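There are 2 protein chains.
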Amino acid sequence: MKIGIYGYGNLGRGVELAIRQNADMELAGVFTRRDPATVKTITGAPVYAAADVNRFENEIDVMIICGGSASDLPEMTPALAKHFNVIDSFDTHARIPEHFANVDAAAAETGHTALISAGWDPGLFSLARLLMNSVLPDGKDYTFWGRGVSQGHSDAIRRIPGVKDARQYTVPVEDALRRVRNGENPELTTRQKHTRECYVVAEEGADKALIEKQIKEMPNYFADYDTTVTFITEEEMKRDHAELPHGGQVIRGGTTGKDGSHRHVMEFSLKLDSNPEFTASVLAACARAINRMHSRGMNGCKTIFDIAPADLSPMDPADIRKKLL
Amino acid sequence: MKIGIYGYGNLGRGVELAIRQNADMELAGVFTRRDPATVKTITGAPVYAAADVNRFENEIDVMIICGGSASDLPEMTPALAKHFNVIDSFDTHARIPEHFANVDAAAAETGHTALISAGWDPGLFSLARLLMNSVLPDGKDYTFWGRGVSQGHSDAIRRIPGVKDARQYTVPVEDALRRVRNGENPELTTRQKHTRECYVVAEEGADKALIEKQIKEMPNYFADYDTTVTFITEEEMKRDHAELPHGGQVIRGGTTGKDGSHRHVMEFSLKLDSNPEFTASVLAACARAINRMHSRGMNGCKTIFDIAPADLSPMDPADIRKKLL
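Taken in order, these protein sequences are the chains called D and G.
Here the first sequence stands for residues 0 to 324, where the numbers follow numbering that gives the first Met the number 0.
Here the second sequence stands for residues 0 to 324, where the numbers follow numbering that gives the first Met the number 0.
Same shape as in the complex, but just chain D:
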């Protein structure tokens, strides 16, 4: 199957590398809004101008769209779904129903198959939540994120005057995790679930106390959390914070039995050295499924909840049953 990559940042590069790990996939090309002549791919895959993408309608089985959720994907995914089978990792939770409707209309109209909100959250974590809720109807679930870099929170710190660079780690509170894993199903406030660690490079002469205060009091981003701020040098930032690790866990505690006294705890967890490369790996597996679903005439917009798991695998169904069941 032939894959296209639309948008070539961290995620796009991750998809390029993920395709290399899947023998049944081939990278047909990378599409960029920059001047293609200035973009060099890791594997030597050809680079084309985003404006020319529709010329490749018949040469690409699935287009993986690697744009941002804020402004790119709401436009790109419906537009491209008119010409291609598409996948995105749209993660603005509140706007998913609207995005789904737009993409569904575009894809259904032209007989294409689309998948939105793929990745790990939304994505694998959503799937874990659905499975756990279906199996244990009487219970409560929790999602913890981290320890990992939140790019949105890092960006928010960088917008403060006097800040040269910043990296923010979201960290689950160990005691909360322990209680949830223990099946206690506690009520937890925002502050009790995660802490936020900020590493900041300040401009020369900047008022560090003021920067720290501005971070800690920032509404939505930091005010509801226990936040620590550590000032470091540019060299330390480069040396110790160049990677984009992330992870987290979905945990559900539930009960069964005659008097509901039997407790069960289900957990799905991820520990990732590279958030964009892992997300890209999920997108690659999903591309396989979308291609198969399209070949069966299952058109319109889908989510990970609609994918029969066997469709994610390169293995033959009989082989899957024999080796993995």
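Hint data in this document are derived by calculation from the structure and do not stem from the laboratory.
Be aware that a few hints might be false.
[To be verified] Derived DSSO-like pairs: lysine-lysine, alpha-carbon spacing no greater than 30 Å straight-line: (1) Lys139/D / Lys192/D; (2) Lys321/G / Lys81/D; (3) Lys139/D / Lys322/G; (4) Lys39/G / Lys257/D; (5) Lys163/D / Lys257/G; (6) Lys163/G / Lys39/G; (7) Lys322/D / Lys139/G; (8) Lys192/G / Lys139/G; (9) Lys39/D / Lys257/G; (10) Lys163/G / Lys257/D; (11) Lys192/D / Lys321/G; (12) Lys192/D / Lys207/D; (13) Lys81/G / Lys322/D; (14) Lys322/G / Lys1/G.
For clarity, every value in this text was computed on a predicted model and none was experimentally measured.
Assemble chain G onto chain D, guided by the hints.
The following block gives chain G in isolation, referenced to the frame of chain D:
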């Protein structure tokens, strides 16, 4: 939807209780090979003779078959699949391809839908293995079981002369778990992955040293493991070992990136107070999916790999996207 339970032991009773937790399900009846007059259900559901089951062909949407894998299910599931949509928890790994073929032939011939090998392993753990292998093609996965009661190993000890009762716990080796969770992808022997703890009630005057030796040297069951044997009283057995807890984890460590240097660890784990009740809860959710797949004309034998996750949930697809994605 109307559910039937065929076989009324620990698992059948668990299914009866699980149905009570799902508002869209109703228990049409329990079928037993014993004299129905001698069987009293927990919820007061009617009990019928197994021999009369085919009279209920038009009154049951899905029959959940709660028999043993050794001799019951290979006969029961194909026979019942000729008259009902069916689900079983067949777990004799080596015979899955053969069982699948038999059930598929029976179900397809009569336009029924069947699901085999549902539960947690095979079942949710199989699904975890498939997802993890699909997302991280370059890696290695591990399944650990326990701490939990293995009924097969407990039975094996009970067959030793001089043993009145026995309970065997399978326990993962902490250091092996730690290394796997750390992404080290170690090579592990059978002995390095699990230990076996045996609690034994001996007959009066029995040779305990001989019993211990016979347990520890038993091929397949114990010889390849570090096994501990503790003799206890009948009262202690009743007081401390009456429950059937179990659990375990599927873990895959894999790599991505330009030079494969980014490591990722995915883990799915279960900690269960009652193995049969949790297995039953999985079967109930699967019954919903099989009923829906049947209504769409998807006949023949299926496995958990063929179920689109949304079909496991009582929630409406738009609601699932809004609340769980």
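Each hint tested on the structure:
Restraint check for Lys139/D and Lys192/D: satisfied, since their Cα atoms lie roughly 15 Å apart, inside the 30 Å limit. Only pairs whose Cα atoms come within 30 Å are accepted, and Lys321/G paired with Lys81/D is accepted, the gap being roughly 24 Å. Distance restraint check for Lys139/D and Lys322/G: the Cα-Cα separation of roughly 14 Å lies within the 30 Å cut-off, and the hinted pair is therefore satisfied. Under the criterion of a C-alpha separation no larger than 30 Å, the hint pairing Lys39/G with Lys257/D is consistent with the structure, at around 14 Å.
In summary, the hint linking Lys163/D to Lys257/G is supported, as the alpha carbons are separated by about 29 Å, within the 30 Å threshold. At roughly 28 Å between alpha-carbon atoms, Lys163/G and Lys39/G fall within 30 Å of each other, so this suggested pair holds. The hinted pair formed by Lys322/D and Lys139/G meets the criterion: a straight-line CA distance of about 14 Å does not exceed 30 Å. Our distance criterion of 30 Å between C-alpha atoms is met by Lys192/G and Lys139/G, whose separation comes to about 15 Å.
Between Lys39/D and Lys257/G the CA atoms are separated by roughly 14 Å; this keeps the pair inside 30 Å, and the hint holds. Restraint check for Lys163/G and Lys257/D: satisfied, since their Cα atoms lie roughly 29 Å apart, inside the 30 Å limit. Distance check on the hinted pair: Lys192/D and Lys321/G sit about 23 Å apart at the alpha-carbon level, within 30 Å; holds. Proximity of Lys192/D to Lys207/D is assessed by CA-CA distance (about 27 Å); at most 30 Å being required, the pair is judged to hold.
Restraint check: the Cα-Cα separation between Lys81/G and Lys322/D comes to about 28 Å, which is no more than 30 Å; the hinted pair holds. Of the pairs offered as hints, the one joining Lys322/G and Lys1/G holds, with about 27 Å between alpha carbons and a cut-off of 30 Å not exceeded.
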